[in-house]
Amino acid sequence: DTGVSQNPRHKITKRGQNVTFRCDPISEHNRLYWYRQTLGQGPEFLTYFQNEAQLEKSRLLSDRFSAERPKGSFSTLEIQRTEQGDSAMYLCASSLGVNPYEQYFGPGTRLTVT
Amino acid sequence: KNEVEQSPQNLTAQEGEFITINCSYSVGISALHWLQQHPGGGIVSLFMLSSGKKKHGRLIATINIQEKHSSLHITASHPRDSAVYICAVRSWGGNQFYFGTGTSLTVIP
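So the sequence lines, in the order shown, correspond to chains A and B. Its first residue numbered 123, the first sequence is counted upward by one per residue in this note's numbering. Its first residue numbered 401, the second sequence is counted upward by one per residue in this note's numbering.
Calculated from the structure, these hints are not laboratory results. For clarity, every value in this text was computed on a predicted model and none was experimentally measured. Possibly wrong hints are sitting among the right ones.
[To be verified] In silico DMTMM-like pairs for lysine to aspartate or glutamate, Cα to Cα no more than 20 Å straight-line: (1) B/Lys468 with B/Glu405; (2) B/Lys453 with A/Glu174; (3) A/Lys179 with B/Glu403.
[Stated by the list, open to error] The following label-pair restraints were derived from C-beta to C-beta distances: (4) B/Thr506 with A/Ile134: 24 to 34 Å; (5) B/Thr412 with A/Thr234: 22 to 32 Å; (6) B/Gln466 with A/Leu161: 29 to 39 Å.
[Claimed, not checked] Pulled from the structure, derived: some chain A residues nowhere near chain B, Cβ distances all over 10 Å: (7) Pro130; (8) Ile134; (9) Lys136; (10) Arg137; (11) Thr142; (12) Asp146; (13) Glu174; (14) Phe187; (15) Glu190; (16) Pro192; (17) Phe196; (18) Leu213; (19) Thr234; (20) Thr236.
The C-beta atom is built at its ideal place from N, Cα and C for all residues, glycine as well.
Turn these sequences into a full structure, and let the hints guide you.
And the structure:
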């Protein structure tokens, strides 16, 4: 396990379809973060898990977005009824609870909604 | 207004030049990060600072807590330094990170 992995790396979908992304954090990292990044912007916080508990959700996370981390390991981010404005890079990061400031980022999933 | 402001937004330098990227923030923080993002999207953490100065190779990061300002310096810049550099802060008492919009650096041979 050399880092945070995300799948798929790229996803093209038609408007209205549902998509699901997966993030596998670094082993034993108890904190997992999801961010969204649009072109030319820095990442924006979406949600955060400590173990399996979802502790914070940004107001950016509309009702069409849902995230889970059922066993406190990998996490999924689902977008229902995708819209063109959902097109972005979705980044996952993880950190170890004893040092919550150091986040390790995955390569991201680039979503294109046509 | 963003919690984190970076300048400049874009920077082009000749190989060998000394580069400075600035970051100002408006919230109380427990830590500040400098991140490097390559065209493929992957993000690498360069520094985590809560005070003072850190150095790693040709990279130097400083932070002034009183002035709520941090700088990232690159000495003897090289084309492989071309990337987007992002400043991010973690606010006190929260679990959110706030990100700047990034500085796109291009180093020309």
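Problem set entry | Numbered hints the structure breaks, given as an ascending list | 2, 18
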